[in-house]
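Colleague: Following the hints, put chain B in place on chain A, whose structure we already have.
Chains as they are written, first to last, in the numbering used here: chain A, 1 to 114; chain B, 1 to 114.
These aren't lab readings, by the way, just hints derived from the structure by calculation.
A couple of the hints might just be wrong.
With a straight-line cut-off of 25 Å between C-alpha atoms, the simulated BS3-like cross-links for lysine-lysine are [as the list claims (entries may be wrong)]: (1) B/K44 - A/K106; (2) B/K17 - B/K38; (3) A/K71 - B/K44.
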Amino acid sequence: DQQVKQNSPSLSVQEGRISILNCDYTNSMFDYFLWYKKYPAEGPTFLISISSIKDKNEDGRFTVFLNKSAKHLSLHIVPSQPGDSAVYFCAAIGADISGYALNFGKGTSLLVTP
Amino acid sequence: DAMVIQNPRYQVTQFGKPVTLSCSQTLNHNVMYWYQQKSSQAPKLLFHYYDKDFNNEADTPDNFQSRRPNTSFCFLDIRSPGLGDAAMYLCATSTDTGPSYEQYFGPGTRLTVT
Numbered sequence: 001d002q003q004v005k006q007n008s009p010s011l012s013v014q015e016g017r018i019s020i021l022n023c024d025y026t027n028s029m030f031d032y033f034l035w036y037k038k039y040p041a042e043g044p045t046f047l048i049s050i051s052s053i054k055d056k057n058e059d060g061r062f063t064v065f066l067n068k069s070a071k072h073l074s075l076h077i078v079p080s081q082p083g084d085s086a087v088y089f090c091a092a093i094g095a096d097i098s099g100y101a102l103n104f105g106k107g108t109s110l111l112v113t114p
Numbered sequence: 001d002a003m004v005i006q007n008p009r010y011q012v013t014q015f016g017k018p019v020t021l022s023c024s025q026t027l028n029h030n031v032m033y034w035y036q037q038k039s040s041q042a043p044k045l046l047f048h049y050y051d052k053d054f055n056n057e058a059d060t061p062d063n064f065q066s067r068r069p070n071t072s073f074c075f076l077d078i079r080s081p082g083l084g085d086a087a088m089y090l091c092a093t094s095t096d097t098g099p100s101y102e103q104y105f106g107p108g109t110r111l112t113v114t
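Isolated chain A (complex conformation) (with noise of 0.2 Å):
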C-alpha cells in the first residue's frame, strides 16, 4: 500500500520560472520528510528536508512546504534551471513505525526547458 503517493509522474517547466512539484502522504505518524534528486545513472542524492513540527524550510532555489493537516508537501524551485531537470522522489519517516526505512513516492520526472 503507497504511503507516499506522487500524482504527478512529469512536469515541464520553462527555465527561469517556479517548478512546483507535490507530494501526499496517507500516515500521520510520519515526522520527517525529504526530497531526493535523481539523474539517470546515479543513485538518488539528498535535495532538502522537513520536519513535521516546521512547515516551511528553504535552503537556497529550494523550500519545501508541509501543510499535516493536508497531509501534503510540495517542493518549489525559484528560478528553474536546465540542470534541474531530473526525477524528484519524496520520501517520509516514522521512526516510531518504520524505523529507518524511507517511504519514497514513485517520482516526479522534471523537465526544465531553454
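Modeller: Chain B alone, transformed into the frame defined by chain A:
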C-alpha cells in the same frame, strides 16, 4: 571523496542462477540499506543492517538475503532469481543519529534476468 560504491553497475543473470551484488562505503556509516526499484516504481526497502544487526522488511521474499562482513561492505544475494526480480538495486547508508535521516545512495546495479 567519501562515497557509496556499487558493483557491478549492470548484471545479467539467468533464471534461477544465484547472483550477488556488492556495495561498499567510505562514509563509515553504521547503517546500510538495500532497496529494490522496478521501472516507474518507488524504491522499496528490502532490508537494512544497523551495525551487525540485520533487519528484514516483512514482505521481502526469502529469495533475497544479505551479508555484512564489516562496516564497509554489504552484499545482496539473490538465491534463485526470477524474471520478476529484474530491477535496479540501490544500496544506501546513513548514520544512526538524527534529525535528518538522510541516506546516501550508490549509483545502483541494474539486474537483468534472462
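Colleague: Against the 25 Å threshold, does the CA-CA distance of B/K44 and A/K106 hold or violate the hint?
Modeller: This hinted pair holds, its Cα atoms lying about 10 Å apart.
Colleague: Are the Cα atoms of A/K71 and B/K44 separated by 25 Å or less?
Modeller: OK: A/K71 and B/K44 at ~21 Å, within 25 Å.
Colleague: Take the C-alpha atoms of B/K17 and B/K38, compute the straight-line distance between them, and say whether it is at most 25 Å.
Modeller: holds (20 Å)
Of the numbered hints stated above, none is contradicted by the structure.
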